[in-house]
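Participant: Numbering (the numbering used here) for the sequence shown: -12 to 84.
Hint data in this document are derived by calculation from the structure and do not stem from the laboratory.
Treat each hint with caution, since some may be false.
[What the hints assert, rightly or not] Once the Cα atoms are required to be at most 25 Å apart in a straight line, the calculated DSS-like pairs of lysine-lysine come out as:
1) K(-7) with K31
2) K16 with K(-7)
3) K16 with K31
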Amino acid sequence: MAVQLKLPFFAIGDQVSVTSIPEAYLAQKGERLFYADERIWAFKHNPYIDFRQPGACDTELLTVPDSRMRAHVESYFNHYNSIVFGSQTEFLLHSRA
């Protein structure tokens, strides 16, 4: 079983803003992510993420929580007692804790 990183949007900023997630996820969880959408060009040379098609037992990690969504900010705040976070990567990885 592996985790697929999925991006709901494909604009330059949407891709570039999450390029640190594969390395941070590997450091935090000890597992490599993979992506399956060829439109995602930002990971093509990233050594911390694989490109492959998903299998039946794989799960998905969407590039949300999103700081624009109040419920995700509240979840982060309830866990860390702070709404200040350093990056979208930090917010994504730690609001699910």
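Participant: Next step is simple, just say for each hint if it's right about the structure.
Facilitator: Hints, verified against the model:
no. : hint           : in the structure
1   : K(-7) with K31 : holds, 14 Å
2   : K16 with K(-7) : holds, 17 Å
3   : K16 with K31   : holds, 22 Å
Figure legend: structure checked against the earlier numbered hints; every hint is met.
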